[in-house]
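Residue numbers (our numbering), protein chains in the order written: chain A, 2 to 351; chain B, 2 to 351; chain C, 2 to 351.
Hints may contain errors.
No copy is singled out in the list; a pair is fine if it fits within one copy or between any two copies.
Here are the simulated lysine-lysine pairs, DSS-like style, with alpha carbons at most 27 Å apart [as the list claims (entries may be wrong)]: (1) 196 <-> 147; (2) 113 <-> 147; (3) 295 <-> 311; (4) 311 <-> 147; (5) 113 <-> 334; (6) 196 <-> 48; (7) 311 <-> 334.
Calculated directly from the structure, the hints in this document are not laboratory data.
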Amino acid sequence: MTASYRLSEIAAQLGGRLLGDAEVRISQIASLEAAQPDQISFLTNSKYRAQLAGTRAGALILGEADADATELPRIISDNPYAYFAKVSAMLNPLPVVEPGIHPGAVIGAGAKIDATASIAATAVIGAGATIGAHSVIGEGCCIGTKVVIGCRARLYPRVVVYHGCVIGDDLIAHSGVVIGADGFGIAMDQGHWIKIPQIGRVVIGNDVEIGANTTIDRGALDDTVIEDGVKLDNQIQIAHNVRIGAHTAIAGCAGIAGSTTIGRYCLIGGGAGISGHLQIADHVEIAAFTLIGKSIREAGSFTGAFPFAKTEDWRRNSVHLRHLDELAGRIRKLEQQLNSLSAESLKPES
Amino acid sequence: MTASYRLSEIAAQLGGRLLGDAEVRISQIASLEAAQPDQISFLTNSKYRAQLAGTRAGALILGEADADATELPRIISDNPYAYFAKVSAMLNPLPVVEPGIHPGAVIGAGAKIDATASIAATAVIGAGATIGAHSVIGEGCCIGTKVVIGCRARLYPRVVVYHGCVIGDDLIAHSGVVIGADGFGIAMDQGHWIKIPQIGRVVIGNDVEIGANTTIDRGALDDTVIEDGVKLDNQIQIAHNVRIGAHTAIAGCAGIAGSTTIGRYCLIGGGAGISGHLQIADHVEIAAFTLIGKSIREAGSFTGAFPFAKTEDWRRNSVHLRHLDELAGRIRKLEQQLNSLSAESLKPES
Amino acid sequence: MTASYRLSEIAAQLGGRLLGDAEVRISQIASLEAAQPDQISFLTNSKYRAQLAGTRAGALILGEADADATELPRIISDNPYAYFAKVSAMLNPLPVVEPGIHPGAVIGAGAKIDATASIAATAVIGAGATIGAHSVIGEGCCIGTKVVIGCRARLYPRVVVYHGCVIGDDLIAHSGVVIGADGFGIAMDQGHWIKIPQIGRVVIGNDVEIGANTTIDRGALDDTVIEDGVKLDNQIQIAHNVRIGAHTAIAGCAGIAGSTTIGRYCLIGGGAGISGHLQIADHVEIAAFTLIGKSIREAGSFTGAFPFAKTEDWRRNSVHLRHLDELAGRIRKLEQQLNSLSAESLKPES
Chain A
2 MTASYRLSEI
12 AAQLGGRLLG
22 DAEVRISQIA
32 SLEAAQPDQI
42 SFLTNSKYRA
52 QLAGTRAGAL
62 ILGEADADAT
72 ELPRIISDNP
82 YAYFAKVSAM
92 LNPLPVVEPG
102 IHPGAVIGAG
112 AKIDATASIA
122 ATAVIGAGAT
132 IGAHSVIGEG
142 CCIGTKVVIG
152 CRARLYPRVV
162 VYHGCVIGDD
172 LIAHSGVVIG
182 ADGFGIAMDQ
192 GHWIKIPQIG
202 RVVIGNDVEI
212 GANTTIDRGA
222 LDDTVIEDGV
232 KLDNQIQIAH
242 NVRIGAHTAI
252 AGCAGIAGST
262 TIGRYCLIGG
272 GAGISGHLQI
282 ADHVEIAAFT
292 LIGKSIREAG
302 SFTGAFPFAK
312 TEDWRRNSVH
322 LRHLDELAGR
332 IRKLEQQLNS
342 LSAESLKPES
Chain B
2 MTASYRLSEI
12 AAQLGGRLLG
22 DAEVRISQIA
32 SLEAAQPDQI
42 SFLTNSKYRA
52 QLAGTRAGAL
62 ILGEADADAT
72 ELPRIISDNP
82 YAYFAKVSAM
92 LNPLPVVEPG
102 IHPGAVIGAG
112 AKIDATASIA
122 ATAVIGAGAT
132 IGAHSVIGEG
142 CCIGTKVVIG
152 CRARLYPRVV
162 VYHGCVIGDD
172 LIAHSGVVIG
182 ADGFGIAMDQ
192 GHWIKIPQIG
202 RVVIGNDVEI
212 GANTTIDRGA
222 LDDTVIEDGV
232 KLDNQIQIAH
242 NVRIGAHTAI
252 AGCAGIAGST
262 TIGRYCLIGG
272 GAGISGHLQI
282 ADHVEIAAFT
292 LIGKSIREAG
302 SFTGAFPFAK
312 TEDWRRNSVH
322 LRHLDELAGR
332 IRKLEQQLNS
342 LSAESLKPES
Chain C
2 MTASYRLSEI
12 AAQLGGRLLG
22 DAEVRISQIA
32 SLEAAQPDQI
42 SFLTNSKYRA
52 QLAGTRAGAL
62 ILGEADADAT
72 ELPRIISDNP
82 YAYFAKVSAM
92 LNPLPVVEPG
102 IHPGAVIGAG
112 AKIDATASIA
122 ATAVIGAGAT
132 IGAHSVIGEG
142 CCIGTKVVIG
152 CRARLYPRVV
162 VYHGCVIGDD
172 LIAHSGVVIG
182 ADGFGIAMDQ
192 GHWIKIPQIG
202 RVVIGNDVEI
212 GANTTIDRGA
222 LDDTVIEDGV
232 KLDNQIQIAH
242 NVRIGAHTAI
252 AGCAGIAGST
262 TIGRYCLIGG
272 GAGISGHLQI
282 ADHVEIAAFT
292 LIGKSIREAG
302 SFTGAFPFAK
312 TEDWRRNSVH
322 LRHLDELAGR
332 IRKLEQQLNS
342 LSAESLKPES
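I would like the entire structure built from these sequences, with the hints used as guidance.
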């Protein structure tokens, strides 16, 4: 965490237009309020431009519209938020992990572990599994038999990958993630549920991140598929045979039921749900706490949360929800009565 | 995974009426679209009968209504979905696990582990715990002191069972399951929460399956009880002193609050919630995302999700939810006015 | 679990007014229905006073209003529920854990582990971490580098604390808890999500309990903060840079989105959600399954769940939710028509 760069070095590496003192040395990134003179901050929305006034930051990342809003050293970028992410990555490289297999790890027969990979104490690698170059398997991880994990994966402690799952390069999986557990497949037979063996796998593309305690079930017959660049927050449940399109991002606590296909570049809010066997188009946005019960065929933004209120107001109003059909009927009747009454009153007097 | 059977052998073992070539050899089960000539497929709903046309499957499982819908070798069953489950189990037996205790497991004093059971590396078995015949305790599992687990249990890696819990035969518990953690019992005392010791256990019957990262809390005073044949999906929360009746199935992300009793053969949808201290009758179906806030005394189907819409439509409509009572009042007033107006206009002219 | 006390000893230690036989010996606490003569029970609500009649309890804890409702030996308290909690803690002390480091634990370089602390088999303590006096780190726990954990912590098996997090005294963390995983910070850049390094920590005060499989993400730039006395149930998601005020209690499956600040002494129901960047005042109560989408500036009770109904009734009524604005418009139009009609009919006849 001791990396530090001159502003000119940052601009040389990441691009952007540099204005002001190029020699200022930057050792960390911080919010406008908290930033110190050796730190760089950023403004992603001109609406908050007034906040620039009080900052003690040594330098700033700004959009074109705010290029002249300060005299502090600054880098002007088309996309200051992405630029901030890149600067932060420069300043906060991941800790270097020693390659090699800790003596407290347990390695199954025939596992192929790249010499540059790192396997931590108490991790278990199943028979015939493959771990790619520079991948880091944290403490307590359990990698099933014949699993394939690509290069530069970073599995934090206590990730489980069940047998046979296949994962691309650059996976980040946080603690408690479970990939490839059985999907919820049961059939009723004479008063008893029979288990349907889940013989598909989970197949994950490149550049996927999976948050803490998120679960992705293996397919019943075919595979569950997570395409390239998908980003999953914590505590998400992905059921069997779901397919999530590339670069879709899903916020915490969402759940996707079985056999649903989600398009590319979708944004799904926290606690949202999508029922099973649906198709969701590309570029669909789903608000938090919304249940999607039908397929969505076109891009757009969808919502279905119930608006909160003071409990006493909610009680007074929500009681009518059980009578909406009756209320609608009374409105229809009023309209009919009023129509005939108007007709009546318009009749020429005899 | 190399089991293969003649169609006649399948019918001999599982019953059903065999039509067509009894000698066709079947090595796997697959969907109608994906099936190959050495695979068997199935149709559970006559509505999709047209899909039989293109299949390359070597044989089919069909209901009586579809017995003549193809000339392919086929087995006719009253319940083709359950039949499919049984065929898949024949073709996909669980991998055989070597009995014995891995040297990397940690076994507490006085633990009774059946000689046919298997305890994996990094598993920890507490003092005085009992593990029944043919049970498999996966890597990283932690079984508390004096826990009793029956026969043929299969605990995938990283399941935790707290002290004193009692589990029947044939349990399947997926990774991340936590059985017997403390229930959420706190009492406010002069501005501070005091913890209420949770001295009950979790008691689980036979033939129960529990999905990944599901949690079942121990009872506060009495036990939390999961009866025979209950099937729980992933990421479910079962609070203290809940009782779930036999053969009830609960989909992912549902939550059951404390001291609620759920009947037998209920079906509870994904993300649904049931408040505390309620009684739910047998054979109740609860839709996804529905909060049940009152007891349900009779079998039936219940829903409470808010229907989603385009965000702009949702905004325009949902604003009225905060004024439903006022709207209802205005309808009532209109009815009164119209009534007196009608009465007026019907008065005989003087 | 063999502690037993005379009623007089309990009253001497915990206060309250003792009535009846002070010598009765109490070895456990139980519900009114289940209590045996060597057990003490309690009544927290006079409404259920009739239940006292049949109890076989050897003694009771009662409020002032019920002091004379029985002749059984009894202790009268201002707060019988808190008194019950205290008696239960007397009768059910936590099992004593042997101090010391199990040879199957893995301890990083420079870790400072108090001599009275206990580190279980398969636990991993990172380099430079600090574990305070009498703390118990369970099996399979992973404590990151430079983490600080105070005194008397009890971490049940398989808790993960990521690097650099700081935790006060008396923490209880149940199995599957993940503290300090990366927050969900991503920036879109030319069709790809870029990860924003999460360089803040999680900072947790004293006397906090965290339920099974709950996740608390580390801050993006600044810290995520859980203040003293906060109680979190199972399967809760706390996003990055959230601050939860002292003595707030949150029920299972709730989710708090990023950068939201929650006040002190709030009560948040099961499955509730709070959107990001909001301010919630002290003493706010939020009902189960409610999504809070705006800041709440004053104490009060808030609800937003949709009331459930029989599915056929729900269908008939909920269809109108998509037409509320139209219904409101029709009411408005009816009012206008009726007004002009009334004006018309009131006109003096010419």
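Results for each hint:
1. 196 <-> 147: Within one copy, since 24 Å is at most 27 Å while 29 Å is not.
2. 113 <-> 147: Classified as within; 10 Å inside a copy, 32 Å across copies.
3. 295 <-> 311: between (31 Å within a copy, 12 Å between copies)
4. 311 <-> 147: neither (55 Å within a copy, 44 Å between copies)
5. 113 <-> 334: So residue 113 and residue 334 fail the 27 Å test inside a copy (76 Å) and across (75 Å) alike.
6. 196 <-> 48: The answer is between: 24 Å across copies meets 27 Å, while 56 Å in one copy does not.
7. 311 <-> 334: between (33 Å within a copy, 26 Å between copies)
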